[in-house]
Amino acid sequence: MDYIEGALSALKNDKFVQYIGVELLSASEGRATGRMVIKDFHLNGVGSVQGGALYTLADYVVAAAANSRGKTAVSLDGHIDYIKAVSSGVLTVEAKEISLKRTIAIYMAEIRNEEGALVASYQAKMFRKD
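Number 15 in the working numbering belongs to position 15 of the sequence shown; there are no gaps in the numbering.
Derived by calculation from the structure, the hints in this document are not laboratory data. If a hint is listed, it holds; no wrong ones were tucked in.
Keeping only pairs whose Cα atoms sit at most 25 Å apart, straight-line, the calculated BS3-like set for lysine-lysine is: (1) K39 with K15; (2) K84 with K125; (3) K15 with K125; (4) K96 with K125; (5) K84 with K39; (6) K71 with K129; (7) K15 with K71; (8) K39 with K12; (9) K96 with K71.
Just the calculated beta-carbon pair ranges, DEER-fashion: (10) G45 with S99: 34 to 42 Å; (11) E29 with K125: 14 to 22 Å; (12) K71 with K39: 28 to 36 Å; (13) V46 with K129: 38 to 46 Å.
Each residue gets a CB set at the ideal place from its N, CA and C atoms; glycine is no exception.
Sequences and hints are given; from them, build the entire structure.
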């Protein structure tokens, strides 16, 4: 099975990320990239992208990286730091594996705007099912 197929097999039915427009661009062993075009419905009451949308974007791409090894992985814990407010454009996220053990893996992801500025940083602990 190709890495992108492996990543997508566990994630392809995620209706919420489809609804908000998260797009998986690539996945390989322990890595993934994705993007989201900012729409009006992503904005919160003060006009910047809602934190939950940023969290979902990062979490989904991390899930693709974690599931790219052909073993089902689910989130145990996630933490996001919001660094820069953004209200338009395209956000990209790159996720990479930091640590891989038999049942636990750690991932980091960075969300950036079109100019390359860091918008948010995300770290997740994933449980790898046997």
